[in-house]
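Number of protein chains: 2
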Amino acid sequence: MQRVTTTLDTAKLANRIDDAVDDGDLTTVSSLIAPLASHEVADVLERLSRKDRAVVFRLLAKDEALTVFESLDAPLQGELIHDLQDEQVTGLFAELDPDDRVTLLDELPATVAARLLHGLPEGERAATAALLGYPQGSVGREMTPEFVSVHPGDTAEQALAAVQAHIDDVETIYGIPVVGPGRVLVGIVGLRGLLRSAPDTPVSEIMNIAGTARARESAEEAARRCAEQRLLVMPIVDDEHRLVGILTVDDALRILEEAESEDAARQGGVEPLNRPYLSTPVRTLVRSRVVWLLVLAIGATLTVKVLSVFEDSLQEMVVLSLFVPLIIGTGGNTGNQAATTVTRALALGDITTSDVFRVLGREVRVGATLGLVLGTLGAVIAGALFGVDVGLVIGATLFGVCTMSATVGGLMPIVAKSIGVDPAVFSNPFISTFVDATGLILYFLIAKAILGI
Amino acid sequence: MQRVTTTLDTAKLANRIDDAVDDGDLTTVSSLIAPLASHEVADVLERLSRKDRAVVFRLLAKDEALTVFESLDAPLQGELIHDLQDEQVTGLFAELDPDDRVTLLDELPATVAARLLHGLPEGERAATAALLGYPQGSVGREMTPEFVSVHPGDTAEQALAAVQAHIDDVETIYGIPVVGPGRVLVGIVGLRGLLRSAPDTPVSEIMNIAGTARARESAEEAARRCAEQRLLVMPIVDDEHRLVGILTVDDALRILEEAESEDAARQGGVEPLNRPYLSTPVRTLVRSRVVWLLVLAIGATLTVKVLSVFEDSLQEMVVLSLFVPLIIGTGGNTGNQAATTVTRALALGDITTSDVFRVLGREVRVGATLGLVLGTLGAVIAGALFGVDVGLVIGATLFGVCTMSATVGGLMPIVAKSIGVDPAVFSNPFISTFVDATGLILYFLIAKAILGI
Numbered sequence: 001m002q003r004v005t006t007t008l009d010t011a012k013l014a015n016r017i018d019d020a021v022d023d024g025d026l027t028t029v030s031s032l033i034a035p036l037a038s039h040e041v042a043d044v045l046e047r048l049s050r051k052d053r054a055v056v057f058r059l060l061a062k063d064e065a066l067t068v069f070e071s072l073d074a075p076l077q078g079e080l081i082h083d084l085q086d087e088q089v090t091g092l093f094a095e096l097d098p099d100d101r102v103t104l105l106d107e108l109p110a111t112v113a114a115r116l117l118h119g120l121p122e123g124e125r126a127a128t129a130a131l132l133g134y135p136q137g138s139v140g141r142e143m144t145p146e147f148v149s150v151h152p153g154d155t156a157e158q159a160l161a162a163v164q165a166h167i168d169d170v171e172t173i174y175g176i177p178v179v180g181p182g183r184v185l186v187g188i189v190g191l192r193g194l195l196r197s198a199p200d201t202p203v204s205e206i207m208n209i210a211g212t213a214r215a216r217e218s219a220e221e222a223a224r225r226c227a228e229q230r231l232l233v234m235p236i237v238d239d240e241h242r243l244v245g246i247l248t249v250d251d252a253l254r255i256l257e258e259a260e261s262e263d264a265a266r267q268g269g270v271e272p273l274n275r276p277y278l279s280t281p282v283r284t285l286v287r288s289r290v291v292w293l294l295v296l297a298i299g300a301t302l303t304v305k306v307l308s309v310f311e312d313s314l315q316e317m318v319v320l321s322l323f324v325p326l327i328i329g330t331g332g333n334t335g336n337q338a339a340t341t342v343t344r345a346l347a348l349g350d351i352t353t354s355d356v357f358r359v360l361g362r363e364v365r366v367g368a369t370l371g372l373v374l375g376t377l378g379a380v381i382a383g384a385l386f387g388v389d390v391g392l393v394i395g396a397t398l399f400g401v402c403t404m405s406a407t408v409g410g411l412m413p414i415v416a417k418s419i420g421v422d423p424a425v426f427s428n429p430f431i432s433t434f435v436d437a438t439g440l441i442l443y444f445l446i447a448k449a450i451l452g453i
Numbered sequence: 001m002q003r004v005t006t007t008l009d010t011a012k013l014a015n016r017i018d019d020a021v022d023d024g025d026l027t028t029v030s031s032l033i034a035p036l037a038s039h040e041v042a043d044v045l046e047r048l049s050r051k052d053r054a055v056v057f058r059l060l061a062k063d064e065a066l067t068v069f070e071s072l073d074a075p076l077q078g079e080l081i082h083d084l085q086d087e088q089v090t091g092l093f094a095e096l097d098p099d100d101r102v103t104l105l106d107e108l109p110a111t112v113a114a115r116l117l118h119g120l121p122e123g124e125r126a127a128t129a130a131l132l133g134y135p136q137g138s139v140g141r142e143m144t145p146e147f148v149s150v151h152p153g154d155t156a157e158q159a160l161a162a163v164q165a166h167i168d169d170v171e172t173i174y175g176i177p178v179v180g181p182g183r184v185l186v187g188i189v190g191l192r193g194l195l196r197s198a199p200d201t202p203v204s205e206i207m208n209i210a211g212t213a214r215a216r217e218s219a220e221e222a223a224r225r226c227a228e229q230r231l232l233v234m235p236i237v238d239d240e241h242r243l244v245g246i247l248t249v250d251d252a253l254r255i256l257e258e259a260e261s262e263d264a265a266r267q268g269g270v271e272p273l274n275r276p277y278l279s280t281p282v283r284t285l286v287r288s289r290v291v292w293l294l295v296l297a298i299g300a301t302l303t304v305k306v307l308s309v310f311e312d313s314l315q316e317m318v319v320l321s322l323f324v325p326l327i328i329g330t331g332g333n334t335g336n337q338a339a340t341t342v343t344r345a346l347a348l349g350d351i352t353t354s355d356v357f358r359v360l361g362r363e364v365r366v367g368a369t370l371g372l373v374l375g376t377l378g379a380v381i382a383g384a385l386f387g388v389d390v391g392l393v394i395g396a397t398l399f400g401v402c403t404m405s406a407t408v409g410g411l412m413p414i415v416a417k418s419i420g421v422d423p424a425v426f427s428n429p430f431i432s433t434f435v436d437a438t439g440l441i442l443y444f445l446i447a448k449a450i451l452g453i
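Taken in order, these protein sequences are the chains called B and Z. Residue numbering for the first sequence is 1 to 453, as defined by UniProt numbering. Residue numbering for the second sequence is 1 to 453, as defined by UniProt numbering.
The hints are simulated quantities; they were obtained by calculation from the structure and are not laboratory data. For clarity, every value in this text was computed on a predicted model and none was experimentally measured. Any given hint could be a false lead.
Remember, identical chains collapse to one label, so a pair may be satisfied in a single copy or spanning two.
As the list claims (entries may be wrong) - Here are the simulated DMTMM-like cross-link-like pairs (lysine to aspartate or glutamate), alpha carbons at most 25 Å apart as the crow flies:
#1 K62 to D73
#2 K12 to E221
#3 K51 to E157
#4 K12 to E228
#5 K51 to D389
#6 K448 to D312
#7 K62 to D250
#8 K12 to E217
#9 K448 to D9
#10 K51 to D83
#11 K12 to E311
#12 K448 to E311
#13 K62 to E205
#14 K305 to E316
#15 K12 to D422
#16 K12 to D86
#17 K448 to E316
#18 K62 to E228
#19 K305 to D154
Hey, can you work out the whole structure from these sequences and the hints?
Here's what the structure looks like:
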């Protein structure tokens, strides 16, 4: 009973299971997975090849199989659905919560999805279809329609009885939405509030104002608010403020984790994997990177163009070419820094698109200050090595490049957001490529002015 | 009651409050903040200047003030503590939960911290001092020592009575740790489990194996596990598996949000702000960036050095210098992509440092594939514009640079983690700078070999 989860070496265990499967020794496999908790089994499965994963999964007991299946990322769930026998699949699918089912359906080919939906019991099918009616990426898709609600006129005792009656078929009982006539949401009451009140207290006296989200709202924004306001349960309403579902904190956690992964990926110029690294085939890794890399490389041909315009100056003073990587590198770094800070502030809701001028004002000042520090340093060092003129050129360029890059880097994410694009898409590599070309133009214009070439 | 939180324009409201404070019109300020929920007041405060923030905070009712204070980031809390009157501060401080108090104490100068600690009632001081005994960054610092626990031999009814008895002075009642003799943790039972069982069922029959963390373990890792296993409550134990506290899901959420912000910042070469963007002074923004920028700029002087070694080749064939930004840009991008993917996989626990060779194998293959695509394309285009020889040089260089950068970018985060450094510190700009210099060496060696210069 005192097993501590941290000490398990999943990598080693996955290797042993892998070997056993290859030897066809399923008894050993069973004995290796038997002592594991469900989330540990899921960790091991994520490390196996697709074929081995299906084999090991079949060895799990029915209840355990469901819990493990629920912990897997949707793309892996989709593969398993393909690889398992029909009968096993129908069973698994029917046991899932409607919101998890919707996420999985989005992964599957339409024909498979339709067949699975068709096989569901009536009530489950209705709940799932209702969720499917909301646009992809909306919190309506992620919420659960299985909840218990109470009325403001109920007493604490009646409310507790209602909770007890549904205790086995709802996702959570710790936050209970309160609805008035026409199912309009009027508040939320915590189970704790009910338990600590006198039995005849009306719910209307215990309930709180609910932090809510509209069903069509972005799932990420709703989840972020749920997390920020530390809610265990966030009621989801339609446009008439009628209660249609709830978002639980664990769903919010899953949504935020996916959103963070997506932002991290985009910031690095990669398409999000949505699945664990080790179970992602190499060709999928390549696909997640090659498009952005090509876009950026095509962008970078701009720098070739810019440099060829100034080829004569380069011919005349080869020393100028020595500083090209330093200058574009510094520009890229300054731009990235600003973009990273602003993207994160947008994600956390610390700033909105209407703050564009405040951000502009701040980033110009930050960029100019950084430019002053780096420019002075650059001027002194380059001046000492290559003469005062070259020092002046480098110093002035670094100052200009830092100011421009911080400004562009700070504004880009806001521009992206205000035209409805994920701010992280105008990502760091994208900004680097843009400021590379403009930085070079600045460099050669300053060089021509100061050196008279 | 039906106020929907999403429609509030905090930016506009903050401006109006700002104006009212400047006019000394505190009645208007009061009427503007009166209808706001606590988290909205916090959002507004984050946008005000330090002086205005203290003014507005003083206008809040005592209860509200506490809730608002709790939602602020620790550095802002620290400033408020400085700006408020002593008496107000002591009151606020005593009302905080011990774990929040510890976070705040870390922000304050030692003398202020000591004075505040001294002013606490006996029991509160003991709880806070116990948390302070754990190393910074450990989950022991973040856990709450205020919880209710039950024994395996208790009946469900007895357990519920214990919960009822402590319902007002513990942080959560939804997950209840079960302890045996000597306070050794033996499991956890959900309030839901207690409510649905017959009153005479022993707790030992309802309880589950608990996902736990050791108090000295990193707070981020514990929070990540809490989130991954979808736990509302994670018991924290000492080395003898004795229960010392609990981590609630909302604490886990806060820890993860800070960790994500830190990772995002590091990946962009910025020190984490730990406070909202708009309430961060420009000089703090500069400070968060200038050190990394200088480190990177000094790293970039390596490229100046490399280029000056090959100055003769450059002099002979200026065309080579045209491709310098393209080549180092592509290397940087490929390295960033690999580093981003691997850093995220490490953060999520999808891979561990023992997977180093599997990552190596994958990234070499991914890099080579990307290099093949870009190299071919580069060779064709450069060949068409500048002749076959130059085309060959560019193609071969792009292939080599992509393979090397993906490998280095993929390995760096693992190396960092295995020597105990945050993987995000070996951040994208850092990798760019490193592969810039090596990429240039490769470029000129290939050029010399093929062009015979």
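Here is what the structure says about each hint:
no.: 1; hint: K62 to D73; verdict: within (19 Å within a copy, 45 Å between copies)
no.: 2; hint: K12 to E221; verdict: between (39 Å within a copy, 20 Å between copies)
no.: 3; hint: K51 to E157; verdict: neither (53 Å within a copy, 48 Å between copies)
no.: 4; hint: K12 to E228; verdict: between (38 Å within a copy, 21 Å between copies)
no.: 5; hint: K51 to D389; verdict: neither (66 Å within a copy, 47 Å between copies)
no.: 6; hint: K448 to D312; verdict: both (11 Å within a copy, 23 Å between copies)
no.: 7; hint: K62 to D250; verdict: within (23 Å within a copy, 32 Å between copies)
no.: 8; hint: K12 to E217; verdict: between (43 Å within a copy, 22 Å between copies)
no.: 9; hint: K448 to D9; verdict: neither (62 Å within a copy, 49 Å between copies)
no.: 10; hint: K51 to D83; verdict: within (8 Å within a copy, 63 Å between copies)
no.: 11; hint: K12 to E311; verdict: neither (57 Å within a copy, 51 Å between copies)
no.: 12; hint: K448 to E311; verdict: both (12 Å within a copy, 21 Å between copies)
no.: 13; hint: K62 to E205; verdict: between (44 Å within a copy, 21 Å between copies)
no.: 14; hint: K305 to E316; verdict: both (18 Å within a copy, 20 Å between copies)
no.: 15; hint: K12 to D422; verdict: between (38 Å within a copy, 24 Å between copies)
no.: 16; hint: K12 to D86; verdict: neither (32 Å within a copy, 57 Å between copies)
no.: 17; hint: K448 to E316; verdict: both (11 Å within a copy, 22 Å between copies)
no.: 18; hint: K62 to E228; verdict: between (37 Å within a copy, 22 Å between copies)
no.: 19; hint: K305 to D154; verdict: neither (74 Å within a copy, 79 Å between copies)
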